[in-house]
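> The primary structure of each chain is shown beneath.
Number of protein chains: 4
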Amino acid sequence: MIRVGIIGGSGYTGSELLRLLVQHPEAEVVVVTSRALEGVLVADVHRHLKGFYNLRFANVDAKTVANQTDVVFLAVPHGAAMGLVPDLVDAVKVIDLSADYRLGAEYEAVYGPHTDPREAVYGLPELHPEVAHARLCANPGCYPTGAILAAAPLVKEGLVDEVIFDSKSGISGAGAAPTETSHYPNLAENIIAYQVTQHRHKAEIVQELGRLGRVAVNFTPHVIPSIRGILTTAHLLLNTMIDGEEIVSLYETFYAKCPFIRFNVPSLKSVRGTNFCDLSLERDNATRRLVVISAIDNMVKGASGQAIQNMNVMFGLDQTTGLWSPALSL
Amino acid sequence: MIRVGIIGGSGYTGSELLRLLVQHPEAEVVVVTSRALEGVLVADVHRHLKGFYNLRFANVDAKTVANQTDVVFLAVPHGAAMGLVPDLVDAVKVIDLSADYRLGAEYEAVYGPHTDPREAVYGLPELHPEVAHARLCANPGCYPTGAILAAAPLVKEGLVDEVIFDSKSGISGAGAAPTETSHYPNLAENIIAYQVTQHRHKAEIVQELGRLGRVAVNFTPHVIPSIRGILTTAHLLLNTMIDGEEIVSLYETFYAKCPFIRFNVPSLKSVRGTNFCDLSLERDNATRRLVVISAIDNMVKGASGQAIQNMNVMFGLDQTTGLWSPALSL
Amino acid sequence: MIRVGIIGGSGYTGSELLRLLVQHPEAEVVVVTSRALEGVLVADVHRHLKGFYNLRFANVDAKTVANQTDVVFLAVPHGAAMGLVPDLVDAVKVIDLSADYRLGAEYEAVYGPHTDPREAVYGLPELHPEVAHARLCANPGCYPTGAILAAAPLVKEGLVDEVIFDSKSGISGAGAAPTETSHYPNLAENIIAYQVTQHRHKAEIVQELGRLGRVAVNFTPHVIPSIRGILTTAHLLLNTMIDGEEIVSLYETFYAKCPFIRFNVPSLKSVRGTNFCDLSLERDNATRRLVVISAIDNMVKGASGQAIQNMNVMFGLDQTTGLWSPALSL
Amino acid sequence: MIRVGIIGGSGYTGSELLRLLVQHPEAEVVVVTSRALEGVLVADVHRHLKGFYNLRFANVDAKTVANQTDVVFLAVPHGAAMGLVPDLVDAVKVIDLSADYRLGAEYEAVYGPHTDPREAVYGLPELHPEVAHARLCANPGCYPTGAILAAAPLVKEGLVDEVIFDSKSGISGAGAAPTETSHYPNLAENIIAYQVTQHRHKAEIVQELGRLGRVAVNFTPHVIPSIRGILTTAHLLLNTMIDGEEIVSLYETFYAKCPFIRFNVPSLKSVRGTNFCDLSLERDNATRRLVVISAIDNMVKGASGQAIQNMNVMFGLDQTTGLWSPALSL
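Chains as they are written, first to last, in numbering that gives the first Met the number 0: chain G, 0 to 329; chain P, 0 to 329; chain W, 0 to 329; chain C, 0 to 329.
Bound conformation, chain G alone (with noise of 0.2 angstroms):
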């Protein structure tokens, strides 16, 4: 039984990670940190989880947490993780689910200071399969999760010149505190563009799809009234004449052993609560254009899912264990 530590439980990111581990034959979830709820009953924040955990919120170090653990999943705030990772990694495999880790030489120019130089593994695993041996996993962004799958296997072909990435995200994403944006006389009946040119997270997009191949890359993200779920509607560019099926054949190839990826009608209903990310092709055959759709649910593949995904690869275990479960689709 692999031992759980959570660093920061008190927002979404860790309320999902409890949610899913539940489940999870080979995982149990050993301590839970909180500074401001020290003391409290997990159950009592996360009211939907009585019945499940007895566990309090903990108020202790990293090094505390690292020595009850086999692995340490931190669900802090960006700027945060930097500060930790140094007294956990030699101990216990760790899974970083802010952005600390996840770009290079860019992170100082995209969000600021950065004090701790060790590299981390980018934790999509259909891309990176080194996960398998990583100490330190930088868990993806939820709208490059999206993104990245919906466009690599061309990318990688190098027959894309640029895309446009027009994503649409539930609020969940935007975390537990309330905000303007989350203010449910704003959001409802609405639809918000956001870091219009500009967000952050399109850093994490240039650099995965960088590696693959060369192209141009646009990204505009919205949000939308619905609390889970990233549905990116990604318009390729094309540089050549390559027809539908082709396509189609090449993105099965691509994704060949990949279970969570399948090819369904995009939905955010088909992988809400799910760690699937759900593709659909379709060739615009007046124009250069081919549009893929991806849809996932941004709280599970899109983060807290896809840490135990790479838990799993992590611990030799079937990347499915735990997560094989159908969507909430009503």
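The hints are simulated quantities; they were obtained by calculation from the structure and are not laboratory data.
Fair warning: there could be bad hints in the mix.
Since copy identity is lost for identical chains, a pair holds within one copy or between any two.
To be verified - Within a straight-line C-alpha distance of at most 30 angstroms, the following computed DSSO-like cross-link-like pairs (lysine-lysine) qualify:
| hint | residue 1 | residue 2 |
| --- | --- | --- |
| 1 | K92 | K62 |
| 2 | K49 | K256 |
| 3 | K49 | K155 |
| 4 | K256 | K155 |
Given the structure of chain G, go ahead and fit chains P, W and C onto it with the hints provided.
Here is chains P, W and C on its own, set in the frame of chain G:
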């Protein structure tokens, strides 16, 4: 032309007053105050008003507002109005949208200390024709408006022993500031009961129905995933065998001169953006129960629209002036 | 391994049975019928099940289903089950999700002619331990489940004169076929009261509470803009001065052996996708009223989950088998 | 007073014409037709209009409508208008809200056979001042309105090579009849891409932008969980290094005389219920992309409001007459 001042123009009731007064042929907003937003264009805060107002928020005291105006709307938090009214009421007519002057002696038991013993007219024009002579009008709460109008005719006839008001409100009643309850992931796909037996609006309902007759009052509010609107399901336990048709006739007579009361299939859609209170009646033939359902827009008939209706009455205008427009039912 | 047949697999209750049974360690779906979808892959209709089922819809009669199975779930419209049960019940255990066997002699007054006089056990396991010995189990309606569980302990003690059940349901209870009520522009930002005094589910509530004690029952349902979930606000008018703590203790004792009953802040989120019924209690100190609020997922505890709970009891399994997972609270 | 006839008054565009015309000081609806609803009170179908219309739906032919009116709005399905226009256009001015006269020679390739070769003026008044002299006005589609207005100024200058229009619409554009897509459980908490490369509205965008300059057009629509509104994210790939400020100035000049074009933070809320098209511009400094976002109310500027704007222009009125009201932003 009635010169209008609004004290506290940054919140929802202030915003709604501004929206509605655009259409009023006999009134013009000449000053809107906000301490925090001094000097900012009203249309840069309430962006839907772009093109309709060139006003900037002013940071001026009540007396300065009184000097420029014929009527002042107080769109301030509970407890703040009582500090402003003494500086206004000798110079201008005042319509207070807060709770400060709604309850007489009961106020302190419900809300806490009161510093101004002055009396006001309770501004529910359907029940209080003396609004016409008021200098200080206490605009009713949103829940009481829908609840009182649903039960008044039968209570006045002495036919009701007890009422259970089960109300379902849109979230805008909670104001413009983001909170846990208004956080989209908490409210969407949910319904939240709150202050289940002790909501402060109950005192208004008790007071106003008590003026009409003797009746036991129970009140439980809920918030639903809707921006606007309150549907109140009033379960009236009758002390008599009166049949459905007689009751309908009794209601029609009671509200014969009330243009904003409609007998209509109750739906938040049919009243959205308007000052109507739609009512429907259904007699439970198996029990002693009558179900009266009222639908209002909490921001209009439940707040700013009713305030303008009161202004109309106080200035001798037809009460529908500037308020006679159909709902945005889609 | 229990071999499961589902008759009527194209609708919401069938879909939900399929979703839940994926996780059941002791049961396997071997046949799913649909006349209209014969030969179509289940996962091409219920696209969230892609990867979980290779079954195709079969167009076979009840006897053929019985031959392959140990238990059959009837997920068919009211009136259809009574034509199937006689062909099933001698060969297999039957759990009927329709209304056909819920009411005894009362059935015809509420629903119309009945062709099969056979009796069934009312499948609310918290009140009916005799489910364990049933061959034919009548799975309760969604509203009755939440309403009965909210009031049962006090009714049994004879402490309640009258109850007003004011229920608010997600729209999935109305099924998979588009209707005026389920049309997004009609339901979003709205709440709809319907069958205000005469909903057919009232007969079940009357029957089941009547088995426990004497009480007058009023019931009014509403549809809210939510896919899943029912919140029932039960206003119990007591005939005694019992205080809040005593009542809590009485409820805790009554439900001591019921793993799916939780005392929890009632929220549709905390039960979403699960078989829990969350309850909260609040005594109105100003009146004789007790407010009990119950929250269930109408598709799970209100339909397919409870059906599986009944199956577990009927086959001697722990009643939580395959159902013990936390809610998708976001 | 302009006498108005509406042919096809039972659907959403008819309902919206009725709602808006209540506020029009120079026009009066004298006849509304519906075959299915003959004799029924308009306000018994469109219940939010109760108190505003005493009209009943008439079942009369086009010539009879023409005899009583000065202008006729056709709110009928595509394909039906071409059978009515020949009977109307010699007697009255006609504004067709269907697609029948929007496309010239292209029509048959997109929609099928056309029986009336007559030409109409494309009723986008911001680009077509000749609407003033039209007898037959083809009111634009909802998507084309938002898309064309977002790109026109730069296309006219020849500065754009290619545009990707990624549009997100409320569901009311699909009409009043319940469908799979409008079924609440399918749309809520979801976003649906449809007709991903081949939506029929693309032909209008191509036609209208083609009149202004040379540009490749890509268009993908989505439906979001919203009743009203379309947000179009127009990704313009520029062929020049023009900076952001120059572009803003170019747009401001282009739309200087257009009262319904506002430069405003784009939000469906700020235009809800109104005839505005709000625009915002953001230059992507890392690429050759300009992002223009337009927000309209699909039922108003995208349909019935624009039709009234066209009527105003055709009758020599100020184009804002009866349309100058602020949005229901909450």
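> A separate judgement is required for each hint: does it hold in the structure or not?
Results of checking the hints against the structure:
1. When the C-alpha separation of K92 and K62 is checked against a cutoff of 30 angstroms, the pair qualifies only within one copy, where the shortest distance is 13 angstroms, while the shortest distance between copies is 56 angstroms.
2. When the C-alpha separation of K49 and K256 is checked against a cutoff of 30 angstroms, the pair qualifies only between copies, where the shortest distance is 16 angstroms, while the shortest distance within a copy is 37 angstroms.
3. Taking identical chains as interchangeable, the C-alpha atoms of K49 and K155 lie at most 30 angstroms apart only when they sit on different chains, with a minimum of 27 angstroms there against 46 angstroms within one chain.
4. Taking CA atoms no more than 30 angstroms apart as the test, K256 paired with K155 passes inside one copy only; the shortest distance there is 17 angstroms, against 49 angstroms between copies.
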